[in-house]
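Protein chains: 2
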Amino acid sequence: MEIIDSPRAMTAWSDRTRAAGRTICLVPTMGFLHDGHLALMRRAREMAGKVVVSLFVNPMQFGPAEDLARYPRAFERDAELVGAEGVAVLFAPTAEEMYPAGFQTRVVVSGLTDTLCGLSRPGHFDGVTTVVAKLFHLVKPHLAVFGQKDFQQLAIIKKMVIDLNWDVGIIAHPIVRERDGLAMSSRNSYLEPAERRKALCLYNSLQLGRKMVAGGERDGHRVREEVQQYIVSCGDVDIDYVAVVDAETLADCRTINDRSLLALAVKIGRTRLIDNTLLAG
Amino acid sequence: MEIIDSPRAMTAWSDRTRAAGRTICLVPTMGFLHDGHLALMRRAREMAGKVVVSLFVNPMQFGPAEDLARYPRAFERDAELVGAEGVAVLFAPTAEEMYPAGFQTRVVVSGLTDTLCGLSRPGHFDGVTTVVAKLFHLVKPHLAVFGQKDFQQLAIIKKMVIDLNWDVGIIAHPIVRERDGLAMSSRNSYLEPAERRKALCLYNSLQLGRKMVAGGERDGHRVREEVQQYIVSCGDVDIDYVAVVDAETLADCRTINDRSLLALAVKIGRTRLIDNTLLAG
Chain H
82 MEIIDSPRAM
92 TAWSDRTRAA
102 GRTICLVPTM
112 GFLHDGHLAL
122 MRRAREMAGK
132 VVVSLFVNPM
142 QFGPAEDLAR
152 YPRAFERDAE
162 LVGAEGVAVL
172 FAPTAEEMYP
182 AGFQTRVVVS
192 GLTDTLCGLS
202 RPGHFDGVTT
212 VVAKLFHLVK
222 PHLAVFGQKD
232 FQQLAIIKKM
242 VIDLNWDVGI
252 IAHPIVRERD
262 GLAMSSRNSY
272 LEPAERRKAL
282 CLYNSLQLGR
292 KMVAGGERDG
302 HRVREEVQQY
312 IVSCGDVDID
322 YVAVVDAETL
332 ADCRTINDRS
342 LLALAVKIGR
352 TRLIDNTLLA
362 G
Chain E
82 MEIIDSPRAM
92 TAWSDRTRAA
102 GRTICLVPTM
112 GFLHDGHLAL
122 MRRAREMAGK
132 VVVSLFVNPM
142 QFGPAEDLAR
152 YPRAFERDAE
162 LVGAEGVAVL
172 FAPTAEEMYP
182 AGFQTRVVVS
192 GLTDTLCGLS
202 RPGHFDGVTT
212 VVAKLFHLVK
222 PHLAVFGQKD
232 FQQLAIIKKM
242 VIDLNWDVGI
252 IAHPIVRERD
262 GLAMSSRNSY
272 LEPAERRKAL
282 CLYNSLQLGR
292 KMVAGGERDG
302 HRVREEVQQY
312 IVSCGDVDID
322 YVAVVDAETL
332 ADCRTINDRS
342 LLALAVKIGR
352 TRLIDNTLLA
362 G
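Residue numbers (the numbering used here), protein chains in the order written: chain H, 82 to 362; chain E, 82 to 362.
Any given hint could turn out to be false.
A pair counts as met if it fits within one copy or between any two copies, since identical chains are not told apart.
What the hints assert, rightly or not - Here are the simulated SDA-like cross-link-like pairs (lysine to any residue), alpha carbons at most 25 Å apart as the crow flies:
{"id": "1", "residue 1": "Lys-221", "residue 2": "Arg-89"}
{"id": "2", "residue 1": "Lys-230", "residue 2": "Ile-251"}
{"id": "3", "residue 1": "Lys-239", "residue 2": "Ala-90"}
{"id": "4", "residue 1": "Lys-239", "residue 2": "Gly-183"}
{"id": "5", "residue 1": "Lys-239", "residue 2": "Gln-185"}
{"id": "6", "residue 1": "Lys-230", "residue 2": "Gln-185"}
{"id": "7", "residue 1": "Lys-239", "residue 2": "Ala-182"}
{"id": "8", "residue 1": "Lys-221", "residue 2": "Phe-184"}
{"id": "9", "residue 1": "Lys-239", "residue 2": "Glu-177"}
{"id": "10", "residue 1": "Lys-230", "residue 2": "Arg-103"}
{"id": "11", "residue 1": "Lys-292", "residue 2": "Ala-146"}
{"id": "12", "residue 1": "Lys-221", "residue 2": "Asp-317"}
{"id": "13", "residue 1": "Lys-239", "residue 2": "Pro-181"}
{"id": "14", "residue 1": "Lys-221", "residue 2": "Ala-176"}
{"id": "15", "residue 1": "Lys-279", "residue 2": "Arg-187"}
{"id": "16", "residue 1": "Lys-221", "residue 2": "Arg-97"}
{"id": "17", "residue 1": "Lys-292", "residue 2": "Cys-315"}
{"id": "18", "residue 1": "Lys-279", "residue 2": "Arg-340"}
{"id": "19", "residue 1": "Lys-239", "residue 2": "Thr-330"}
{"id": "20", "residue 1": "Lys-230", "residue 2": "Pro-153"}
{"id": "21", "residue 1": "Lys-348", "residue 2": "Asp-333"}
{"id": "22", "residue 1": "Lys-221", "residue 2": "Tyr-322"}
{"id": "23", "residue 1": "Lys-239", "residue 2": "Thr-92"}
{"id": "24", "residue 1": "Lys-221", "residue 2": "Glu-306"}
{"id": "25", "residue 1": "Lys-221", "residue 2": "Ala-101"}
These are calculated hints, taken from the structure and not from any lab test.
The task is simple: from the sequences and hints, build the whole structure.
Written out as structure tokens, the structure reads:
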């Protein structure tokens with residue numbers, strides 16, 4: 082595996098690889114990799130001859146009061162994990178190279194960005210779309226894999242790709258969970274043991290929602306109410322939102338159909354966790 | 082010459098052309114072509130094996146009170162002119178294909194866009210950068226040629242390309258003028274004969290500025306003042322701005338150097354015209 086840190090060298094690699102007729106699949110990450118990331122890489126390997134994993138803790142998607150400085154980092158370990166997955170390139174640029182002095186361009190997807198996570202994280206998704214735009218231009222992938230845990234990010238990136246006529250196929254990969262159901266996340270490393278146990282209320286509440294729908298419930302608001310009550314009953318957690326939305330448009334879902342997503346963001350101590358599930362099917 | 086109107090067919094053409102190892106140069110236009118456009122095409126032919134001219138009157142870069150509806154159009158004549166220039170493809174998509182219902186993405190370059198023409202045309206440059214982003218993804222050019230008449234557009238597109246790590250070379254082409262000096266523009270067709278004569282004050286004022294600098298003047302503000310007074314003295318015109326700025330950063334130039342640009346926007350009757358010149362060299 083090649084480790085590339087220079088944007089220019091990355092583009093040169095991609096030009097050579099494309100000229101040789103190989104398919105490139107990008108897996109963008111912020112590092113501190115877990116089995117969820119590794120699953121994305123395996124998916125990428127199945128679909129493309131050459132996989133590029135980017136590792137970049139993107140300052141532009143962190144708010145001023147957020148956890149950029151303490152975001153967990155483990156480059157050596159990450160490089161070892163990526164190396165074992167048959168990945169061709171680990172692309173790890175510096176923030177100075179990605180955002181040199183005078184940087185002033187943003188890619189903005191309206192509407193989809195100012196709801197759900199966008200409400201408590203203003204500007205977050207502009208940072209995501211902008212860095213993904215940069216990575217797409219640097220790595221020139223034919224395909225890119227994103228996890229469904231970040232369902233809003235996924236919907237926004239799909240929309241950006243369609244609206245800007247990007248010739249990149251976006252692949253969604255299902256959420257990878259711990260044995261007890263907690264969705265894998267680099268931020269899980271923040272959790273104290275008691276918080277880790279408490280965090281299971283996210284998964285359990287999603288299961289409750291799915292059970293309601295499996296039992297015949299079709300009213301999105303009723304599902305949302307019951308799920309919310311369940312989480313409150315767990316005590317000592319801070320709900321950011323519980324929502325039942327269309328997976329593509331993120332519009333509020335009054336009547337549940339096979340695109341309806343139950344999504345939530347909950348703070349356990351100082352750690353904000355998100356999770357979601359399709360309700361039907 | 083091939084005329085392509087479907088975005089999908091355009092991308093397929095570009096994929097085939099790139100796979101064959103040919104260099105693609107894009108010349109974006111809004112049609113109603115004049116010799117200035119044709120000069121851009123000839124420049125493109127010199128640099129690339131395959132030239133694509135896009136013809137799209139981009140609604141997103143017109144303000145609600147602007148001239149979108151009356152913007153001059155002459156597709157048959159344009160196609161004939163382009164055909165005579167050895168162009169490979171004339172790409173002329175419809176507005177419905179470029180902006181389908183639900184379109185909601187913008188590319189925004191801050192700072193450079195909220196000065197000069199951006200002040201009287203809010204949102205204009207967001208429309209320009211967004212449509213250029215779409216065209217770049219559809220046509221996949223190695224190079225693109227833009228005219229220096231739209232100096233602010235040129236500075237903004239160069240910045241967008243750098244900030245978003247786009248692998249497209251941006252070529253600037255000098256302003257092409259009528260015999261008497263008026264910068265060529267599709268909007269010149271709006272001018273009544275008396276207005277056409279009056280419009281020459283733009284070119285004459287630029288010449289005055291250049292003469293001052295050739296004579297040793299180095300104070301940008303003094304040049305601006307004299308040029309402005311000259312235009313006012315021509316009578317019956319409405320100055321939007323006269324500015325002496327850095328050609329790249331568009332920052333106000335107090336002391337003239339070889340990147341200093343004298344730029345102006347003036348309304349003659351209902352027609353807003355722009356022009357500019359480097360002051361030194």
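Evaluation of the provided hints:
no., hint, in the structure
1, Lys-221 to Arg-89, "both (12 Å within a copy, 18 Å between copies)"
2, Lys-230 to Ile-251, "within (15 Å within a copy, 39 Å between copies)"
3, Lys-239 to Ala-90, "between (27 Å within a copy, 21 Å between copies)"
4, Lys-239 to Gly-183, "between (28 Å within a copy, 13 Å between copies)"
5, Lys-239 to Gln-185, "both (23 Å within a copy, 12 Å between copies)"
6, Lys-230 to Gln-185, "between (29 Å within a copy, 23 Å between copies)"
7, Lys-239 to Ala-182, "between (29 Å within a copy, 15 Å between copies)"
8, Lys-221 to Phe-184, "both (21 Å within a copy, 24 Å between copies)"
9, Lys-239 to Glu-177, "between (28 Å within a copy, 19 Å between copies)"
10, Lys-230 to Arg-103, "neither (29 Å within a copy, 41 Å between copies)"
11, Lys-292 to Ala-146, "neither (37 Å within a copy, 54 Å between copies)"
12, Lys-221 to Asp-317, "neither (46 Å within a copy, 53 Å between copies)"
13, Lys-239 to Pro-181, "between (27 Å within a copy, 15 Å between copies)"
14, Lys-221 to Ala-176, "within (20 Å within a copy, 27 Å between copies)"
15, Lys-279 to Arg-187, "neither (38 Å within a copy, 40 Å between copies)"
16, Lys-221 to Arg-97, "both (11 Å within a copy, 17 Å between copies)"
17, Lys-292 to Cys-315, "within (18 Å within a copy, 79 Å between copies)"
18, Lys-279 to Arg-340, "neither (29 Å within a copy, 62 Å between copies)"
19, Lys-239 to Thr-330, "within (11 Å within a copy, 33 Å between copies)"
20, Lys-230 to Pro-153, "within (18 Å within a copy, 49 Å between copies)"
21, Lys-348 to Asp-333, "within (22 Å within a copy, 48 Å between copies)"
22, Lys-221 to Tyr-322, "neither (36 Å within a copy, 41 Å between copies)"
23, Lys-239 to Thr-92, "both (23 Å within a copy, 18 Å between copies)"
24, Lys-221 to Glu-306, "neither (44 Å within a copy, 49 Å between copies)"
25, Lys-221 to Ala-101, "both (14 Å within a copy, 18 Å between copies)"
Going down the numbered hints, you'll see the structure goes against 10, 11, 12, 15, 18, 22 and 24, while the others check out.
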